[in-house]
Structures are given as C-alpha cells and as structure tokens.
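Asks: Take a look at the letters that make up each chain.
2 protein chains.
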Amino acid sequence: MANIQDVADAAGVSTASVSRFLAGQKVRTADAIRAAIKALDYTPSTIARSLKTGRHNAIGVVVPDITNPFFAGLVRGIEDQARVKGYDVILGNSDESPTQEEALVQALIKRVDGLIVAPIIEEDQSILSLSKTSVPVVLVDRSVTSTNYDSVLVDNIGGITLAVDHLVALGHTQIAFISGPFTSTPGRARHTGYVIASAARNLDHHPEFVIEGDFREESGDAAMRQLWNLPNRPTAVVVANNLMTIGALKALRELDVAVPAQMSIVGFDDLSFAELLQPPLTVIARGDNDQGSRAATLLFGRIQGTRTRSGEVMTLPVQLIVRKSTAAPLATTSGTPISSATTPKETTAL
Amino acid sequence: MANIQDVADAAGVSTASVSRFLAGQKVRTADAIRAAIKALDYTPSTIARSLKTGRHNAIGVVVPDITNPFFAGLVRGIEDQARVKGYDVILGNSDESPTQEEALVQALIKRVDGLIVAPIIEEDQSILSLSKTSVPVVLVDRSVTSTNYDSVLVDNIGGITLAVDHLVALGHTQIAFISGPFTSTPGRARHTGYVIASAARNLDHHPEFVIEGDFREESGDAAMRQLWNLPNRPTAVVVANNLMTIGALKALRELDVAVPAQMSIVGFDDLSFAELLQPPLTVIARGDNDQGSRAATLLFGRIQGTRTRSGEVMTLPVQLIVRKSTAAPLATTSGTPISSATTPKETTAL
DNA sequence: TTGAAAGCGCTAACAG
DNA sequence: CTGTTAGCGCTTTCAA
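Line order of the protein sequences matches chains A and B.
In this text, residue positions in the first sequence follow the working numbering: the first is 1, and each later residue adds one.
In this text, residue positions in the second sequence follow the working numbering: the first is 1, and each later residue adds one.
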C-alpha cells in the first residue's frame, strides 16, 4: 500500500502538501497530487491519522441485544446518522449483563469518539466511571442515577398509564403487570407507572399481580403462567416490553386461554407484525428509529463541540395503539365474590 | 492519559520492558511495572498498537438491514464469536443498495482485519475488487459470481423444494412464488428451486405466478395483491423471505382472504413469533445465529492464518416447519376451466 | 533478559 | 502557499 510519502515523491511535493490537499486546502500542485494519488491508488491510513489527531471517526453503541426488534431499530437510527457524519459504528451486545457491559464499555472507550449506551442497571459503575473520561456519552432507553448524562428516554409512566386507563375504561379492575428488572430504568419507571395509575383508578392492591421479569421472552412466559395459576387471577395484564409480551402470548396459547375473552393483554413497544398476531396486539408504541437518531444527534453535538455541556434529557412521547388483544372482562370472572365461586355445591344444597 | 513512557519512568525501566510485560513475556521487573500500571491507571493505546502492528482487532460486517430479524440473528452470532477472540465488530447497513454497500466496504476495508458481507448482487464490483486486497473476506447468505470467496450459504433449492413438495402433497397444483431479486443469490437460487420443484411435480407453468420482489415488506404486500387479482389465481404461495412474507400476510388480511382456506402460504426463514401469527406460519427455517458464527469462524481462521486458502463454501441445511398456514386447497377453486368461470352470462343464455 | 533507537503513516506547528 | 520537522504511542530489531 502506497503511503503519503510515495504520493509526495510521485507528485514532486512534500508530504505536507499532500496532507493539505487531502484536507481540502488550496494547493498549487493539486493536479499533480491528484494524479499521483490515482496512479498509486492511494488511500490515507485512518490509523495513522487517528494516532496523530486523537480522533477515531467511530462511535460505540452498546445495547442489551440487537436481536430485540426495538434495539435493532434503535441501532439502525443511530447508524444512519453516523454514516451521514462519516462515522463508523462499533456494536456491542451486553446481553443484560452488567459485567459484560462493563467489559464492552472499557474496550470501546479507547477506540471511539463517543458512546451511546443503554445501561443494564441504574447503579451502573462502568457508566458512572465514564464521567471521568473525556469521551462524550449519551444514554438511551435506560438511564443511571446521575444527572450528568445526556439521555433520550421515553415517557414510561405516561405509557403505562395509557395502558391501565384503557383497560379500566374497558371495565377491568383486576389488572396485573409483568415488569422488567426494578434495577433498570424502564423496569422501575414502568412499574412506577403501574402503581401510580392503579392508585389513581382506585384499583385494589394485589402484590401478587406484579411479577418482575428480566425483559426476555422466557420470563414473560413464566410470569404469565404464574399469573394464570393465581387462585384469584387477573382479567388483564400489561407487559413491560416486547420480548416478554411474546413470551406471555406463547404461555397463554399453551394454556389454552382465550385472548382477550379470558385475558386482555397490552404490550410495551410495537412490533412490525403486531397486527398479524392472534389476536392483533394492543400496544404502547414509540419510535425506535427516531429514538436512535435523536441519541446520535445529541452525541454528535458533543463530539463536534456544538454542545459543550451534558445533562440534557429528552423524554419522547408514546402512544397507545388499540388492536384486538384487549376487551371487556367476562362478566363472571371478577365481580363475583371469591367465596361463592369456590363454595362446594354440597354446601348450597343444604 | 498515561502512556507507556510514563509507566516505564515510574517503574524505572525502559518502554521496551513495559511492552514486553504487556505482551506476556517474562520480565524481571514485572512487579514494579504492574504497580506503575495500576498507579497510573494505564491502558495501552490500541491505535498506536495498530499503527505499529498493522492489526486492528476489529472486523466489519455489512448486511442489508439489521432490522430484519434474520440479519439481527446473524450479526449476533458473529458478534459473539468476535468478542471471544477479542475483536470488535463494525456494523454497516447497505439497505439493499449496491452503491451504499460499495461505500461501506471501501470505508471499512481500511480499519478492519476481516470482512463479513452479505452482497446485494452477485455481480458485485465492490466485492469482486476486494480480492485484490489482503483483507480476508467471507460472504454470508449471499454470494458473488466468483469461486474464490469463503462463503456460508444455505440450501436454498432444497428449502424451496421442501415447501413446494409439502404444498403438492396437500393437493395444490396452482402454486405461486414471490421471489427476491434475481440479481441476488437467494433471489436467484430460491427461484431456481421453485422452477425445478415445479417441473419435478409436473405443475403447469404459469409465468404470471412468479413475481420478483425486493425482499422488503412492501414488495411482498404488492406481489400478494397482484397474485390475488389474477383471473386464474393460485391456491398457494411460497414467499422467498421473512419480510415479504409479513407483507403478503398483511395484504391477505386486508383483502380479507382466509389463510389457509383460500390461500396457503409458506415463508422462508422462521421468526420467533411465527407460531403466534394468525394463522401460525409454515416456514422453511435455518439457524441465523449459527450461520453467523460459522461465517465468523471461517473468517478468524483466515485472519489468524489457520486457513491460508479461501474458496471454502459451506451450505447449511434448512428445515420445513409445518404450522397452520398451509392446508388442502378448496375443491372448487382451481379445477374448473377458466372459460366457464369468465364467460359472460349472456353468452350462455343464447 | 534488557535498553536504545528506529519507524509505522500521518498532521500541524513553524519558518520561509 | 510551501517544505521541514517533530512527534502521536507503541513494537521490535539490534546490541549489549
């Protein structure tokens, strides 16, 4: 591979001139340099450039799992912005593990100009320690217990409130909640939304109606089974993310329970195929791609020095999309006192 | 940030010793160096290291769209392998555009040790030109017209044959095919599979039964409508990828056609939620994650010099998963001659 | 085993 | 506008 010296020699100029030419500055010998570059098929070494300038032209993105459609959309939004700015994106999957996240962040921090991460837990040491470095960081979807970070979140509480209100309007009073980990922002915030909305609607408090999952499909499945096996089971459930919703739906199907007749369900995060599900899924939707591009915009603002102070937090709106997985509860299901329903026939016969 | 010189000074040794210590070689002053590193919180600059060694510890991955669940799974498989080997992965979305792919490849080639790409078209200039560089490349899912590349593909022809045979066994004779672009490997190969399998089963040849889509959801939707509007419409359709299948399903729903009663459908590529669709989708499945990790393994074999010759092509098996979107055709639908169906009433009245 | 020193390819003063 | 030159931080001969 030809280097800048070769080009300089071929063009009969100094390396400095070639460098200037490359930077778009005016040079008298532009034509000769251009010719030499073409003749030698020269492309500058990004590595050498980075070593000299300290810039990498790359950003890092750390998400729990690219396989989750939400994060795929998010990453796509980021990627598109990055390409426009001429930056590469280095992807890392933390797999919902703080340890793995820490390792990724430590590895990436040395080869990127900025980092976008969806931190697993709010007490995230690896993220918190990032404030000591000079690399700009923006948090997305999830936050940490510090106000110093730029972050783009969604209105979790408002979203869950929308879901609960919708269910209440339908006549439900027994509403369960399959939560994400309380240690994460969306886990905690959505649960808070459930608690607040339930209280606002004067729903009875059933501690057994909230089950803490881990945002993965299997935990949604398990939680749904647990809910269904309750002696006093709920008539509706709101699920804190897309993967757990799929798990819950699978459980419901295997359990042979009719949705929404026997159980209404609303999920968090829309899916491209939500309307094709059986039944079409009622969801709280947000723009994944949009959330990604906003995060990227925030990050590039800091990288390019347009914005010097961090700590800006954007909270994006969400929207309830009503489809067919929610309906009024069966008349018999809940209103009736438990005692009468469970009293043996013999007793009434006396 | 402390550099190697600082550490050397603090430990009272030369930079060479620190470098050797870092490389895991035996050094007398190991303890002092270790202490200095810890005291200064030193981490070596990957950039400087790269400039010196020519290695980047990163691989590039170029796929059409990370938002497609198949590619998300593929990338995940690659990522996991890469992390184990200590490599970062730089992601690029070509968006089914050869131009964009070319730009990505050109940009990545300079900062990675190897490249995994799913080329948009088989006559791919940007990929073909890669053979001149020294960077190892492995092709995945899609190939190019050259035998010199390592590639991991799937048994496209076998998969489509499985689908057609399944449909024929059910009693279908009017089977349509929504294809991907003929310029791409899976587009061409799956179409070939359709042609071969149809011929083997002595199915009538209906040129209007194959529609060339672009692998995206919208084109599946459009193709399905086109098929449905045919005067002599098919009773079953096989769709060449997951996104187009979703599109076709949406069209069918809007058209109010009952699946599988009025139209049987089998998709290529399984989806985590395929069984939750209405109806649960019959598909040709393959291991996306597995395909990714195999590609990664092939690539690292070349990067680390274990394998010196390229040109190895792996063809992974596929599997038919029968669910509920396929059934026997309605008795009336096809057997009847077209003439009788389309002949105006007036004519018969004469 | 160790240190001195060269140099990977580039950019950015600096001096002209 | 141009060339000379000094590094960016590291690895790796080469000699000791």
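Derived by calculation from the structure, the hints in this document are not laboratory data.
Note that the coordinates shown come from a computational prediction; the quantities given were computed from them, not determined experimentally.
Yeah, the Cβ is synthetic: ideal placement off N, Cα and C, and Gly gets one too.
A portion of the hints provided could be inaccurate.
Unchecked claim - DSSO-like cross-link-like pairs, simulated, lysine-lysine; straight-line CA separation at most 27 Å:
| no. | chain 1 | residue 1 | chain 2 | residue 2 |
| --- | --- | --- | --- | --- |
| 1 | A | K324 | B | K38 |
| 2 | A | K110 | B | K132 |
| 3 | A | K52 | A | K38 |
| 4 | A | K110 | B | K38 |
| 5 | B | K250 | A | K52 |
| 6 | A | K38 | B | K132 |
| 7 | B | K38 | B | K52 |
| 8 | A | K26 | A | K38 |
| 9 | A | K110 | A | K132 |
Said to hold, decoys possible - Which residues of chain B face chain A? A partial, calculated answer using Cβ under 8 Å:
| no. | residue |
| --- | --- |
| 10 | R34 |
| 11 | K38 |
| 12 | L40 |
| 13 | T43 |
| 14 | V75 |
| 15 | I90 |
| 16 | S97 |
| 17 | K250 |
| 18 | A251 |
| 19 | R253 |
| 20 | L255 |
| 21 | L276 |
Stated by the list, open to error - Stretch-level coverage of chain A by chain B, calculated; a stretch enters the list once three of its residues show a Cβ under 8 Å from a Cβ in chain B:
| no. | stretch |
| --- | --- |
| 22 | 11 to 18 |
| 23 | 22 to 36 |
| 24 | 41 to 52 |
| 25 | 239 to 253 |
| 26 | 264 to 275 |
Asks: Tell me whether the statement that chain B covers the stretch 264 to 275 of chain A is true, taking a Cβ distance below 8 Å and needing three residues at minimum.
Replies: holds (count 4)
Asks: Restraint: I90 of chain B near chain A, CB-CB cut 8 Å. Satisfied or not?
Replies: 5 Å, holds
Asks: Mind checking the alpha carbons of K110 of chain A and K132 of chain A for me, to see if they're no more than 27 Å apart?
Replies: Holds: K110 of chain A and K132 of chain A sit about 13 Å apart, inside 27 Å.
Asks: Report holds or violated for the interface hint on L276 of chain B, using the least CB-CB distance to chain A and a cut-off of 8 Å.
Replies: With Cβ-Cβ at 5 Å, under 8 Å, it holds.
Asks: Check the hint pairing K38 of chain A with K132 of chain B against an upper bound of 27 Å on the C-alpha distance.
Replies: 16 Å, holds
Asks: Would the hint linking K110 of chain A and K132 of chain B be met if the CA-CA limit is 27 Å?
Replies: 31 Å, violated
Asks: Could you check if R253 of chain B really has its C-beta closer than 8 Å to a C-beta on chain A?
Replies: OK, holds: R253 of chain B within 8 Å of chain A, min 7 Å.
Asks: Can we keep the S97 of chain B interface hint, with Cβ of chain A closer than 8 Å?
Replies: 12 Å, violated
Asks: Quick one, is the V75 of chain B hint okay against chain A at 8 Å, beta carbons?
Replies: 6 Å, holds
Asks: State whether the coverage of the stretch 22 to 36 of chain A by chain B holds or is violated, taking the criterion as 3 or more residues with Cβ-Cβ distances under 8 Å.
Replies: violated (count 0)
Asks: Holds or violated: L255 of chain B as interface residue toward chain A, Cβ cutoff 8 Å?
Replies: Because about 14 Å separates L255 of chain B from the closest Cβ in chain A, which is outside the 8 Å limit, the hint is violated.
Asks: For the pair supplied as a hint, K26 of chain A and K38 of chain A, confirm whether the alpha-carbon distance does not exceed 27 Å.
Replies: Between K26 of chain A and K38 of chain A the Cα gap is close to 19 Å, so the pair holds against 27 Å.
Checked against the numbered hints above, the structure violates hints 1, 2, 5, 10, 11, 12, 16, 18, 20, 22 and 23; every other hint is satisfied.
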